[in-house]
Amino acid sequence: MDVESVVYVLSKLRFSERLPGSMLVRIAALAELRGFPAHSVLFRENADNDHLMIVAVGRVALDMQVPGRGEVRIMSLGPGDMLAWSALLGQGRMTTSAVALEDTQVVAIRARNVLQLCESEPEFGYQLMRQVAEALANRLVATRLQLLDLFAETEPFVPQGPD
Amino acid sequence: MTAVAPPRNLPESETLLLAKTDFQAFLDQLWQGGYRVIGPTIAQQAIVYDEVRRVEDLPRGWTDEQRGGQYRLKRRDDDAWFGFVVGPHSPKRYFFPPQVAVAQADRTANGWQFSEVPDQEPPYALLGVRACELGAIAVQDRTFINEQYVDPIYRRRRERALIVAVNCTQAASTCFCTSMKTGPRCTKGFDLALTELPDSFTVEVGSDRGEEVLSTLPTIMATPSMLRQAENVRQQAVDQITKRLDTKDIRDLLLGSLEHPRWDEVATRCLSCTNCTMVCPTCFCSSVKEVSDLTGDHVQREREWDTCFNWDFSYMNGGIVRNQIRSRYRQWLTHKLASWIDQFGVSGCVGCGRCITWCPVAIDLTEEVAAIRENPA
Amino acid sequence: MSVPASSAIAENPWLGQSVEIDAITPELPGVATYHLRFRDAELNSRYRFRPGQFNMLYLPGVGEIAISLSAANDISGTWDHTIRVAGNVTRTLAGLGVGGKLALRGPYGTSWPLDECAGADIILVAGGIGLAPLRPAIHAALAQRKRFGPTTLLYGARSPDMLLYRRDYEAWTDRGLNMSATVDRFQPGWSGDVGVVPLLVDRLRPLKPANSVMFLCGPEVMMRYTVRSALERGLRKDQIWVSLERNMQCAVGLCGHCQLGPAFVCKDGPVFRYDRIEPFLNVEGL
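Chains as they are written, first to last, in this note's numbering: chain A, 1 to 163; chain B, 1001 to 1377; chain C, 2001 to 2286.
Hints were generated in silico from the structure; no laboratory data involved.
Please read these numbers as outputs of a predicted model, since none were measured by experiment.
Mixed in with the good hints, there may be bad ones.
What the hints assert, rightly or not - When the alpha-carbon atoms are kept at most 20 Å apart in a straight line, the in silico DMTMM-like pairs for lysine to aspartate or glutamate are as follows:
1) C:Lys-2101 with C:Asp-2040
2) C:Lys-2101 with B:Glu-1056
3) C:Lys-2101 with B:Glu-1290
4) A:Lys-12 with C:Asp-2040
5) B:Lys-1020 with B:Asp-1079
6) B:Lys-1074 with B:Glu-1056
7) C:Lys-2101 with B:Asp-1293
8) C:Lys-2101 with B:Asp-1297
9) C:Lys-2237 with C:Asp-2121
10) C:Lys-2208 with C:Asp-2121
11) B:Lys-1289 with B:Glu-1265
12) B:Lys-1020 with B:Glu-1290
13) C:Lys-2208 with A:Glu-119
14) B:Lys-1243 with B:Glu-1065
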């Protein structure tokens, strides 16, 4: 798999919008494209995984195991969305399982190598971490909105009197 | 402060004079003509609008002292008939009544039948309307009779009403009609406008209807000296106005200051008591409630005055939008002085000062605006 | 003194027309679509509304509520209103059956500006019961496919069993609607997206922002973040239209209840172009 194809795929994703082309080449050198047929597992919750992933094509669901409720699907991701960030930021232990909802292709980036690059080249590290932070911030906002349960049936509100 | 310009199209040579001794005949003629004459009277230690049949019903020899949070009647040392300013009532209660049936529904075999509720009120002759009130009527005309919707009750009563205005000869400390360009001089919107002199009234005619009413009364042409006297007493009102509201760019100032800390500050004083909206001559908020008879087959829809200061005025399923006093005060003030301009092309405020007088904690909207203007957001 | 003239229809705005419940379609728990017919057959054939408008439905003795029209049913000749039980009036209405009699005033308000969007790519975004006021726009856009660019519906609900009008989706997609649905809460058997509606906007492809318009209806928080995503994708504020809700009583701008800043939601809305209403939408407690 040549670096050029990886660079091409990466460059089309929102993750790469503000990264200089030279950086994409260096990330691509540490990455590969992986295909997952529909219904296959990208990784399991609690398993070790040392690749940061970005969805290029397709859809992926994130599931968490809740005793008494089984597998609970918490969110689905599409092209441009980042997953397995624990590989980069955590100990490499996955916080969710990931399942392909349809035929999916991801860019899988070797976390250990990229982290070494971040350490040795602070500018590179800053740019990359900023993108990761932004992706996580957006994920946080989306999760909060889910938490707000905006479509919950509102109980009929009866004014009782001013506080 | 310069006086408001004299009325257009009414050359002074057309001003008439009506002796006070002929005023009772004037009232009688109005009643006989089918009008219900409403004018200032004294009740519960205030000057309020009620039926006036005899000149003795007027508050002759009384005046009002007003400041923020205070209203007192005081005896004058003369017998002036209209020697006071404005009380808690305004003409709005006649065209836009506090409580009125707007529609009714009857259950029939085929479903509900809807109909108007005939308005039984005779035409009003409103006596003693001040310039600020004429301004307020013009403002409410834009709300209730507009290009999209018309309130039939308002329109009917308004079209049939005779408006006999009275020029102010003094001002209260709460008046600021000059800032809002509505007074103190009556310039338009009346059928007749009176200025009180010791023994007579100068009478300006503002419409054909006014002219017709006067035609059978023993009026004479006002002499130049009478006209000068009238001008002098009207000038007294102008000279006594001390309060100002700076209206320069007020729409953008207020709608651009929706998060100003002043709203929090005024909320520590405002009780959300709704007095200001009740006495304001332009406030128009209302609610309709269902009143059904015992069988449930006949329902009347009663419209009542409502107020944005009511806690649940902005209730939506799920909650109350303006849950805090801060929000409600902001709504009232920004609507009155700013949003109203977007909605109706004019300010909602006519500078009558009632809201200042009747606020139990003396909140003065001219001060609130000044505070925001001084420290723009 | 002259009273202003007005070309407004000199009718009492409080008088309604008698209607009957022709049929009821249960939709979701607590939500049903009432198919209403005017008692006056001539009026029933004459009545028209534009997508996005609402009626005031009146139960004498109980009260009145503002409900968006969710369809004009050409086959049955009825006017559809999708209603959720939320208070006294809706609860009483839910107790009436077919044949129940009530009154209707309307239609009122502004509508989705389809007429001004010929040639545009139409993106409809709805959340929860917010799909109801957009449904007539879906019908109108699909009925005139050639007038518009691709028409897309992005729809989110609480959970798969709360997806409104689910039985219509296949007919819509067969007629050319691109559709994505998402839910906040997964239920077994659901193979669609999980997550909030703004994420569907983030991922919408293909997208030609310069040629797109967005019509948006749902809870205000959802709309706020959907707009944020739309702007990030390159749409401008004047390409986005939102449908708002406030306490509507008279529906004719006379009672004062529905005001949001200078706007009367009943007559300047409920559909607003986003740039015109934005300064007031984001102020807490306005």
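Structure-based check of all given hints:
1. C:Lys-2101 with C:Asp-2040: holds, 13 Å
2. C:Lys-2101 with B:Glu-1056: Measuring from Cα to Cα gives roughly 56 Å; hence the hint is violated.
3. C:Lys-2101 with B:Glu-1290: holds, 17 Å
4. A:Lys-12 with C:Asp-2040: violated, 60 Å
5. B:Lys-1020 with B:Asp-1079: The given pair, whose Cα atoms are some 12 Å apart, holds under the 20 Å limit.
6. B:Lys-1074 with B:Glu-1056: holds, 17 Å
7. C:Lys-2101 with B:Asp-1293: holds, 18 Å
8. C:Lys-2101 with B:Asp-1297: Holds: Lys-2101 (chain C) and Asp-1297 (chain B) sit about 13 Å apart, inside 20 Å.
9. C:Lys-2237 with C:Asp-2121: holds, 16 Å
10. C:Lys-2208 with C:Asp-2121: holds, 8 Å
11. B:Lys-1289 with B:Glu-1265: It is violated: about 35 Å lies between the C-alpha atoms, which goes past 20 Å.
12. B:Lys-1020 with B:Glu-1290: violated, 48 Å
13. C:Lys-2208 with A:Glu-119: violated, 40 Å
14. B:Lys-1243 with B:Glu-1065: holds, 15 Å
Figure legend: structure checked against the earlier numbered hints; hints not met, in rising order: 2, 4, 11, 12 and 13.
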